[in-house]
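Using the sequences and the hints, build the whole thing.
4 protein chains.
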Amino acid sequence: MNTEPWTERIREFAQERDWEQFHNPKNLAMALSVEVSELVEIFQWMPPEEAAAVMTGARAKDVRDEVADILTYLLRFADVTGIDLDAALTAKAEDNERRYTVARAKGSSAKAGH
Amino acid sequence: MNTEPWTERIREFAQERDWEQFHNPKNLAMALSVEVSELVEIFQWMPPEEAAAVMTGARAKDVRDEVADILTYLLRFADVTGIDLDAALTAKAEDNERRYTVARAKGSSAKAGH
Amino acid sequence: MNTEPWTERIREFAQERDWEQFHNPKNLAMALSVEVSELVEIFQWMPPEEAAAVMTGARAKDVRDEVADILTYLLRFADVTGIDLDAALTAKAEDNERRYTVARAKGSSAKAGH
Amino acid sequence: MNTEPWTERIREFAQERDWEQFHNPKNLAMALSVEVSELVEIFQWMPPEEAAAVMTGARAKDVRDEVADILTYLLRFADVTGIDLDAALTAKAEDNERRYTVARAKGSSAKAGH
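Residue numbers (the working numbering), protein chains in the order written: chain A, 1 to 114; chain B, 1 to 114; chain C, 1 to 114; chain D, 1 to 114.
Hints were generated in silico from the structure; no laboratory data involved. Careful: at least some of the hints might be erroneous.
Where chains are identical, the list cannot tell them apart; a pair therefore holds if satisfied intra-copy or between any two copies.
[What the hints assert, rightly or not] Heads up, simulated EDC-like pairs for lysine to aspartate or glutamate below, C-alpha to C-alpha not over 16 Å straight-line: (1) Lys92 / Asp79; (2) Lys61 / Glu20; (3) Lys61 / Asp95; (4) Lys106 / Asp65; (5) Lys61 / Glu97; (6) Lys92 / Glu38; (7) Lys61 / Glu94; (8) Lys92 / Glu50; (9) Lys106 / Asp86; (10) Lys92 / Glu41; (11) Lys92 / Asp62; (12) Lys106 / Glu49; (13) Lys61 / Glu41; (14) Lys106 / Asp18; (15) Lys106 / Glu12; (16) Lys61 / Asp86.
Dropping the structure here:
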């Protein structure tokens, strides 16, 4: 996926509705956390096996919709703050490759993040 | 930004470290919420003016790093669940354009979302 | 408020509905985060002045309901994990009083937490 | 546990440090969500069996500390907004008992909440 056309479309959507007054970084960070919680809510009571098979079950469309909502707000946040996503990911990936070397992190859940 | 090469790089990073065992949809949704909270934490005590100018202040790099972490987990989640991001955004954008018509939503904070 | 009768009532409510199978610590932590997000959602687009006056506005009952939901899951989590709330608060308060001495923390938003 | 003395102690702690300027409802809701995420973080990569036994493992003190932090901010939020916790819990419990009757909710994860 190419993010630029989406960033544009989401910006125009906000502009046409006069929502730029609400879309400051503090509010957008809150809105992003609310959207992620709607994804978490889908999984909260699911046993692990049911969660692993979520995309073949009744909640598959809900999962796709929440992922789209999260990405929408994330692109909006990056647009409002002027963050270059490629540069930000490159900096972070290089940092992670230094911190979590294969030798240190292999198979350890304490480090199963980025 | 083109997401595909990043999805690949993040997948390889997890495979090399044997982290696929931890990266199920339930755990990744939780990890995504934890990363978003690290972004929220930056803003929690900031007055609105300071939050609006965050990218010219001392926390700018932290904001970029958290956005990169969130996007990393979101791409990983979409990879593990097989979600096509373009298709998911298209479906959601069409839905939003129907629900939040300019006539109904203009300037209303009750609807300042997607 | 005395928490013990509430802990009992919430436990019986779960037992009668056969919900103990879902109420493990991992799921309850997720549910707690979902409830807190419902509180955050009320404030996400509010200007600070409107947020400060929330209890005299149209969302006052929603705020009370979300606080009740959060406290319900927090008491349930503490019950399931056997946490003594008085002891936990005492340990944390003593720790905070050591870390955030008045001399160091006064008026600083960097430390406006506990 | 009796909450009143804690509400007082937490209020004095904030007053002495001049933190009341930061403790408005919007900021406190954000801070509460950040604390809950620190609890979620403990569980994010844990297999269910390890999560169920968390209080006999190496993270037990961390869990107690996070629960104390969450309760601290929840009491602070209720103090600042003037919410009567007993009244809020009573209203919500009566509502839940009407909505989730034993006949409808028994054993159903779709309703394993309050």
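- [ ] Tell me, please, which holds for Lys106 and Asp18 at an alpha-carbon limit of 16 Å: within, between, both or neither?
- [x] between (49 Å within a copy, 6 Å between copies)
TODO: Go through the copies and call it for Lys106 and Asp86: within, between, both or neither, with a Cα cutoff of 16 Å.
DONE: neither (26 Å within a copy, 33 Å between copies)
- [ ] Could you figure out if Lys61 and Asp86 sit no more than 16 Å apart (CA to CA) within one copy, between two copies, both or neither?
- [x] So Lys61 and Asp86 pass the 16 Å test across copies only (14 Å; inside, 29 Å).
- [ ] Since the copies are identical, ignore which copy is meant and state whether Lys92 and Glu50 lie within 16 Å (CA to CA) inside a copy, between copies, both or neither.
- [x] neither (32 Å within a copy, 25 Å between copies)
Task: Within, between, both or neither, where Lys61 and Asp95 count as close if Cα-Cα is 16 Å or less - done: between (35 Å within a copy, 13 Å between copies)
Task: Intra- versus inter-copy proximity for Glu12 and Lys106 (alpha-carbon distance at most 16 Å) - done: Cα proximity of Lys106 and Glu12: across copies only (13 Å, versus 44 Å in one copy).
Task: Homo-oligomer pair classification [Glu41, Lys92; C-alpha up to 16 Å] - done: Close neither inside one copy (28 Å) nor across copies (19 Å); limit 16 Å.
Task: Same-copy or cross-copy closeness of Lys106 to Glu49 [CA-CA at most 16 Å] - done: Cα proximity of Lys106 and Glu49: none, with 24 Å in one copy and 21 Å across.
Open item on the list: When Cα atoms must be at most 16 Å apart, do Lys61 and Glu20 count as within-copy, between-copy, both, or neither?
Closed with: neither (29 Å within a copy, 24 Å between copies)
TODO: Measure nothing new, just compare the shortest in-copy and cross-copy C-alpha distances for Lys61 and Glu94 to 16 Å and report within, between, both or neither.
DONE: between (34 Å within a copy, 15 Å between copies)
Task: Homo-oligomer pair classification [Asp79, Lys92; C-alpha up to 16 Å] - done: For Lys92 and Asp79, neither the intra-copy (19 Å) nor the inter-copy (19 Å) Cα distance is at most 16 Å.
- [ ] Classify it for me, Lys106 with Asp65: is the Cα-Cα distance of at most 16 Å met within a copy, between copies, both or neither?
- [x] neither (33 Å within a copy, 23 Å between copies)
Violated hints, in rising order: 1, 2, 4, 5, 8, 9, 10 and 12; the structure is consistent with all others.
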